[in-house]
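Given the coordinates of chain A, work out where chain B should sit on it, guided by the hints.
Protein sequence lines correspond, in order, to chains A and B.
Counting along the first sequence from 1, when you hit position 170 you're at 158 in this note's numbering, and nothing is skipped either side.
Counting along the second sequence from 1, when you hit position 179 you're at 183 in this note's numbering, and nothing is skipped either side.
What the hints contain is simulated information worked out from the structure, not anything from laboratory work.
Quantities reported herein were computed from a predicted structural model and do not represent experimental measurements.
Here a beta-carbon is modelled for each residue, glycine too, at the ideal position from N, C-alpha and C.
Any given hint might turn out to be false.
Unchecked claim - Some, not all, of what chain A presents toward chain B, calculated at C-beta under 7 Å:
no., residue
1, A107
2, A108
3, L112
4, G113
5, A114
6, P126
Said to hold, decoys possible - Every beta carbon over 10 Å from chain B, so not counted as near; a handful from chain A, in silico:
no., residue
7, L51
8, P56
9, N199
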Amino acid sequence: MDLWRITWFTLATAGLATLLMAFPGVLLAWLLARGRFRGRVLLETLVSLPLVMPPVATGLILLSLFAPLGPIGRLLGRAGVEIVFTWKAVVLAMAVMGLPLLVRTVRAGIDQVDRRYEAAASTLGAGPLRVFLTITLPLARPALLAGAVLGFARALGEFGATIMIAGSIPGSTRTLAVGIYSFAETGRDAEAAALVGVSAAIAFTALWFSNWLSSRPGVRG
Amino acid sequence: MIALDFTLRQGDFTLQICQRLDARVTALFGPSGAGKTTVLDAIAGLRTPASGSLVVGDRVLFDGRRGVNLPPQHRHVGYVAQDVALFPHMTVRRNVLYGRRPGQRLSLDAVARMLEIEPLLDRDVPQLSGGERQRVAIARALMSTPELLLLDEPLAAVDVERRRRILPYLERVRDELSVPIVYVTHDAAEVRQLAEWVVVLEQGQVVRSGSPDVV
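Extracted from the complex, chain A is given alone in its bound form (with noise of 0.2 Å):
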């Protein structure tokens, strides 16, 4: 069994996931956490939204969106990029399912941020990129840390949407989650088993980083 192969993809795609998440991520958190709008509430809860809904629904409707029929799935077409049952995938499923637990943790760390700080800069006539640039998001960077593991972690483990949009294509498309899935099901007990120990082992680390991460003390005037 390819257990080394799986892992190694598993890393790989969960560590692309946690890339393509960060920016839309950290943007979304910080409009959550100081913008003021109308529809912040909807907003919100659209970011969070994967988080209680069934994975697999996710997944079908990531796969009726990226399909090649689909709406967003017609337009990569025409570009040449496939995306439903290849590794790019598992990118993208990995990375709607990581994102609320990202913009969670991240927006919670800049509801923390004293805002005389920030208000200091302005007056100072740094305008609001630049104060969150220089002000905000350095003093938030414990939280940003932590929710990029946490975000990793969570891509590290889907199952729900992965398998709807990517499928559990040996070599392919096949992550630790899925395949432990597919091995049990196929009475391959001791391959599961294995790839449940990595499993296991890699979420372990992932969660005791995260919160040495949050424990550490932050930086204090």
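Quick look at chain B alone, frame taken from chain A:
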């Protein structure tokens, strides 16, 4: 010239002020809860008046009727808040240089010398004492070459001994730079030493104003 003529509401509290300030140093004097800090916040653009106008020199910062409300970063108002809010993740030098504008005449050396913070420049903020923080915060505000400097109880956080040592720095800022200062305090001795004009606030209203000797 600073022309304040505005009303600002905050829950049950209403601040109403109509004053023209021409002095080099104006003190806002009064008990806590009188609205002194709110006046500074409004001038700096951190709170928005309900109505009225706010003019510094020939620049309109706020005009409710014409819909003018400059954001803080465009007001060119230096503000040293009571808690000074030095950026904890930057060295003193980076703090002081944060608001420097391109092509300005004031050099870091000159400001650092005036406030005697040269030995502190490479320190981290958590290592500073209360008095040092005050001086660094004043330097940081000055380096943004403001057209007006707002100081909120710059001496409240320091003990009497240090207070005596910081006052001369404020006098230097007053005498060496042509930046008008509006200064919040509840200490009458400070008013006599620094201010040329006093505005006394109580419960959001101006009850008296004039030169320190008269008031």
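For each hint, the structure was consulted:
no. : hint : result
1   : A107 : 5 Å, holds
2   : A108 : 4 Å, holds
3   : L112 : 3 Å, holds
4   : G113 : 5 Å, holds
5   : A114 : 6 Å, holds
6   : P126 : 5 Å, holds
7   : L51  : 44 Å, holds
8   : P56  : 47 Å, holds
9   : N199 : 23 Å, holds
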